[in-house]
Amino acid sequence: GAGVSQTPSNKVTEKGKYVELRCDPISGHTALYWYRQSLGQGPEFLIYFQGTGAADDSGLPNDRFFAVRPEGSVSTLKIQRTERGDSAVYLCASSLGQINTGELFFGEGSRLTVL
Amino acid sequence: AQSVTQLGSHVSVSEGALVLLRCNYSSSVPPYLFWYVQYPNQGLQLLLKYTTGATLVKGINGFEAEFKKSETSFHLTKPSAHMSDAAEYFCAVRGTSSASKIIFGSGTRLSIRP
Numbered sequence: 001g002a003g004v005s006q007t008p009s010n011k012v013t014e015k016g017k018y019v020e021l022r023c024d025p026i027s028g029h030t031a032l033y034w035y036r037q038s039l040g041q042g043p044e045f046l047i048y049f050q051g052t053g054a055a056d057d058s059g060l061p062n063d064r065f066f067a068v069r070p071e072g073s074v075s076t077l078k079i080q081r082t083e084r085g086d087s088a089v090y091l092c093a094s095s096l097g098q099i100n101t102g103e104l105f106f107g108e109g110s111r112l113t114v115l
Numbered sequence: 001a002q003s004v005t006q007l008g009s010h011v012s013v014s015e016g017a018l019v020l021l022r023c024n025y026s027s028s029v030p031p032y033l034f035w036y037v038q039y040p041n042q043g044l045q046l047l048l049k050y051t052t053g054a055t056l057v058k059g060i061n062g063f064e065a066e067f068k069k070s071e072t073s074f075h076l077t078k079p080s081a082h083m084s085d086a087a088e089y090f091c092a093v094r095g096t097s098s099a100s101k102i103i104f105g106s107g108t109r110l111s112i113r114p
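Chain order of the listed sequences is G and W.
Residues in the first sequence are numbered from 1 upward in steps of one, following the working numbering.
Residues in the second sequence are numbered from 1 upward in steps of one, following the working numbering.
Read the hints as simulated data drawn from the structure, not as lab findings.
Keep in mind the model is a prediction, meaning the values are calculated, not measured.
If a hint is listed, it holds; no wrong ones were tucked in.
Which chain W residues face chain G? A few, computed with CB under 7 Å, are given here: (1) Gly43; (2) Leu44; (3) Phe90; (4) Gly105; (5) Gly107.
Built from N, CA and C at the ideal position, the CB exists for glycine as well.
The task is simple: from the sequences and hints, build the whole structure.
So, in structure tokens, the structure goes:
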């Protein structure tokens, strides 16, 4: 399809394990966002890419969280030494970037459960 | 810096009644404002947006919102609720710089009574 694709849709892991979440944005979208959504809450900003570079990573909660977008398209959110508090739905969104007023197109999210 | 506050985590209205979901924003620069909707088991989708120009903006499914700078508000309304409007609604704000991130409110769950 032509929308934002996120994999896996569900991930169950044990505390202390390493996790990677993948986002494939809409073709041609230069801006890519990662958000985290806990139950009953709004999306919480994590990081924003413009092209290959992180334009704003002020939302990453600590150094266990890292994200890359090496070729300016697909992005991977990496979480080291997972904790139970990391359990949430991780949302990816893309937009046209600088020429756009900010409309985001969201994927359906990756639900992470840390046991 | 930008932020939004959504008043009321849960709103319940009867089918056919007026829907009013409240959003107040804080922004140090002229903002862009958005309403997103999240239906059960679906991703967020844009309902409507305010950028510049007309302060009353119309969106999909009969929703509209009015930007009121003096009140720093961007409330969402629909004259007559339909059962299919039951969903979670999020107000969001960003600055006008291309480097600005989009900040979401905590959401309002809309329930429709038959």
